Amino acid sequence: MTDTSFVRHDMLPEQAPPATSVGLLGWLRKNLFSGWVNSILTVISLGFIAYALAGLLPWVFQSVWVADSLKECREIMAATWGETHGHACWGVIRERWLQLMFGFYPPEMYWRPILAFVLLLAAIAPVLFPGAPRQLLYVTAIYPFLLPWLMWGGTIWGPVLVAAGLAIGYLVHRFLKPIIGGLFALIAAVAAALIWWLFLVGPISGALSSALPIGIESVISRNFGGFMLSILIGVVAIGVSLPIGIVLALGRQSDLLIVKALCVGFIEFIRGVPLITLLFVASTLLNIFLPPGTNFDIILRVIIMVTLFASAYMAEVIRGGLAALPRGQYEGADSLGLDYWQAQRLIIMPQALKISIPGIVSTFIGVFKDTVLVMIIGLMDPLGLATAIRADAAWNGIYWELFAFIAFLFFIFCFSMSRYSMYLERRLRTDHS
Amino acid sequence: MTTLTDAPKVTFRLSMLIYDTRYRSMTIQVVALMGFMLLAAWLINNTLTNLATLGKPIDFGFFTDPAGYDINQRLLDYNSRDTHLRASLLGLLNTLVVAVLGCITATIIGVLVGVLRLSNNWLIARIMTVYVEMFRNVPVLLWIVLAMAIMIESLPAPKAFRGDNATASMDLFDSVAVTNRGVYLPEALFSRGLGNVHVFGDSSLRFDVSRDLMAILIVLGASIFAIRWNNRRAHEIQDATGERPTTWHFTFGLLVVPTGVLLALLGFHFGYPELGGYNFKGGTHLRNSLIALWLALSLYTAAFIAEIVRGGILAISQGQSEAAGALGLRQNRIMGLVVLPQALRVIIPPLISNYLNLTKNSSLAIAVGYMDITGTLGGITMNQTGRELECILLLMLVYLTISLSISGVMNWYNNKVKLVER
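Going line by line, the protein sequences match chains A and B.
Under this note's numbering, the first residue of the first sequence carries the number 1, and numbering increases by one thereafter.
Under this note's numbering, the first residue of the second sequence carries the number 434, and numbering increases by one thereafter.
These are calculated hints, taken from the structure and not from any lab test.
These numbers were taken from a predicted model, which means no experiment stands behind them.
Where a beta carbon is used, it is the ideal one built from N, C-alpha and C, also for glycine.
Don't take every hint at face value.
[Stated by the list, open to error] Every beta carbon over 10 Å from chain A, so not counted as near; a handful from chain B, in silico:
#1 ALA465
#2 VAL548
#3 SER552
#4 VAL571
#5 ALA582
#6 LEU618
#7 SER656
#8 GLY710
#9 ARG720
#10 ALA748
#11 LEU777
#12 LYS793
[What the hints assert, rightly or not] Here are the simulated distance ranges between beta carbons:
#13 B:PHE469 to A:LEU300: 16 to 26 Å
#14 A:LEU53 to B:ARG665: 48 to 58 Å
#15 A:LEU300 to B:LEU646: 46 to 56 Å
#16 A:LEU346 to B:VAL850: 49 to 59 Å
Could you put together the complete structure from these sequences and hints?
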């Protein structure tokens, strides 16, 4: 019996993978040159990128920053690079960027929109990020009253008294509830608040401001413009459309026939017409629909219309979320003995809203982008200002620089919103995949 | 001793309207209806009072008045003595033109980009991502205005084509002129044409139907009918014998020969645009407003369609195509029989709602001066006649009709492809 064996007893040492499948080379082979079709596509793409960058980089970086007119820009370009095209003239942005940001808002009061914007960040931080300090929620609570005061100015008593209406409603409800029951107390509270807002705020605010004039200089709406206007309309429409959208979606899903019909009619009507027709309504028809002599602010009218528009879209997105919930969730809530509003608040809405986050955020983005449509009814949003600047004799003929600047700012806002929605989806994910 | 008594008879009390769930929903509905009717009555009352004060009772009579303004891009004949009704009709047609053109190009670009975004090629996928994010996150109005600005500022004026040392020249063998006033394309002309049929005589709704076009369509229709009949026959032979007769020469011949003969008989030729005076004459003129609107709407909507297509393809699980492969289907059959039918069920509804968005966004034409329904009925007609209420309500009604018809089509399709569940 010999000791010969044909089976290896000891393991061979591991060998390194071939150089063509790891590292940079492997990545290139796998992702760019995996076959001849892919290789051709890669070469074409590289050519395209090279061509685009060859045009873009000199345009952006070899550019004229200090010039007072397009003609001067061209002269500087011709003197520096020997050609009049292919280089950006950022002089227009340098000269007009404040206007593009604030419109014709009085320059000595720029601190007010800036402060409003900073406070906006503070107010939405606790809503957006769980890590933010909870004390900021106080800012969130007073922000809706602070924003109009900061933007339009005037006496401080208006917003204070409007806020007091909420407190009055709350107190009425609190004191009447033991006496006449929850529902009647609620009705009484709403009635008290409405009476306060409609009939008492005006005279009391007038009296208070003549007795104790605390206020800041007021700014008329015609001076609003630029990104300030876009952000103002966008923020209010976004903030208000979400709750209205939830109510409309619940109405559309409800068993109450008439309520459902009203909600469906409203949603389908608004979704069936372009926003521009609603803006026409805001600019020309709203005064006809309201009691004779009513004439309120054009920006407010536009905000109302944009908000209604956004609510209808929001309602459809949330309805999708409600419809996607399994039937068992509704039945489970019923079997726990929860009433309708408890079930909605504790079981249905948290899940439905979570499902509809992508849709909600893309509606937000859509609303923010749609704010530029106010240019068509003559408000000075960034695009309206760009048209005005292009009509100016000094800058007649300029377009790329202006539109690139505006597009870049919109891109930053919209892109960060969509990234936030992805973050939120990840944060709220509760499954184990 | 026990006595049986009837259950206490519940008499109806007023409070049961609120606290009894049997009646509560009725109460809520009645209150909602009353609130709605009060609101509507209030609005209508205000409107009537205001209109009476302004001295403008609701009246659609202005539609028969002459419009007096020009519509430069139009499908039907029009002059400034025509009525507001005809102006609005032409506006509506212009809306539909840009909507249909936009939907077609947006679909082509969108599908291409969506598929390429899923490509294995890292570079291509990244470029397409940049395209999608760039167009989705910037307002469409900006793209429209920018496209218009580019066309006006950077394309050569017609006078640049003139003279011996012209700085611009026509493209595609001197048949297409791209200028800052728009694009001039060759037009189809018939030297032995059959003329037009005038429909509706002299009224505002009049239009012409070209007999030549009708003849061509009839011949083409007959050819396609014959081709389908031939294909069916080929199927039957294949089913019976297993051999499929070649059909392509028959198909090709039927498609080309009868139409070609008809075109030759009608004396078909192209009318090329030519420089005359300060502008191009002849040919079909697509105004730069139409081109800018079309281009911007297509590129913008295509970015959304690309995401829908990508999502639809990703939604079909890998197992489906693997199972189809296990059944022995080839790659193109897997795509055609398994993946695509399922992906389309996911893709089509949002695709149609994007078509709807494109149609509604085409109302932004007013920013570049393209005379669509918003530019005619909601623009110049409204400003000239001062009939804001009538014009805007009609404008909304038109858009509402278009939207509701498109959603009707979508619902019909959804029901047709709905998964049959037990």
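Discussion item. A cut-off of 10 Å on Cβ-Cβ distance, and B:LYS793 was said to be off the interface with chain A. Does that hold?
Written reply: Not fine: 4 Å to the nearest Cβ puts B:LYS793 too close to chain A.
Fill in: Consistency of the no-contact label for B:ALA748, given chain A and a CB cut of 10 Å
holds (14 Å)
Worksheet item: Lying within 46 to 56 Å: is that true of the beta-carbon distance A:LEU300 to B:LEU646?
Response: The hinted range 46 to 56 Å holds for A:LEU300 and B:LEU646, with Cβ atoms some 53 Å apart.
Worksheet item: Can we trust that B:VAL571 is non-interface, i.e. its beta-carbon lies farther than 10 Å from all of chain A?
Response: Contrary to the label, B:VAL571 does not stay out of reach of chain A, its closest Cβ about 5 Å off (not over 10 Å).
Worksheet item: Just checking, B:GLY710 versus chain A, shortest CB gap more than 10 Å?
Response: At roughly 25 Å from the nearest Cβ of chain A, B:GLY710 sits farther out than 10 Å, so the non-interface label holds.
Worksheet item: So does B:PHE469 sit 16 to 26 Å from A:LEU300, Cβ to Cβ?
Response: holds (24 Å)
Practice prompt. Over 10 Å to the closest beta carbon of chain A is the bar; see if B:SER656 clears it.
Written response: holds (36 Å)
Item to complete: Please confirm whether B:ARG720 is truly not at the interface, meaning its C-beta sits more than 10 Å away from all C-beta atoms of chain A.
Response: Non-interface label on B:ARG720 holds, nearest chain A Cβ at 19 Å vs cutoff 10 Å.
Discussion item. A range of 49 to 59 Å was offered for this pair. Does it hold for the Cβ distance of A:LEU346 and B:VAL850?
Written reply: violated (36 Å)
Practice prompt. Please settle this one: B:LEU777 was flagged as non-interface, so is its CB more than 10 Å from every CB on chain A?
Written response: holds (20 Å)
Discussion item. According to the definition I'm using, a residue is off the interface if its beta carbon is farther than 10 Å from all beta carbons of the partner; does B:ALA582 meet that for chain A?
Written reply: violated (4 Å)
Fill in: Claimed clearance of chain A by B:ALA465, with the beta carbon kept past 10 Å
Check fails; 5 Å does not lie beyond 10 Å.
The structure does not agree with the numbered hints 1, 3, 4, 5, 12, 16 stated previously, though it agrees with the rest.
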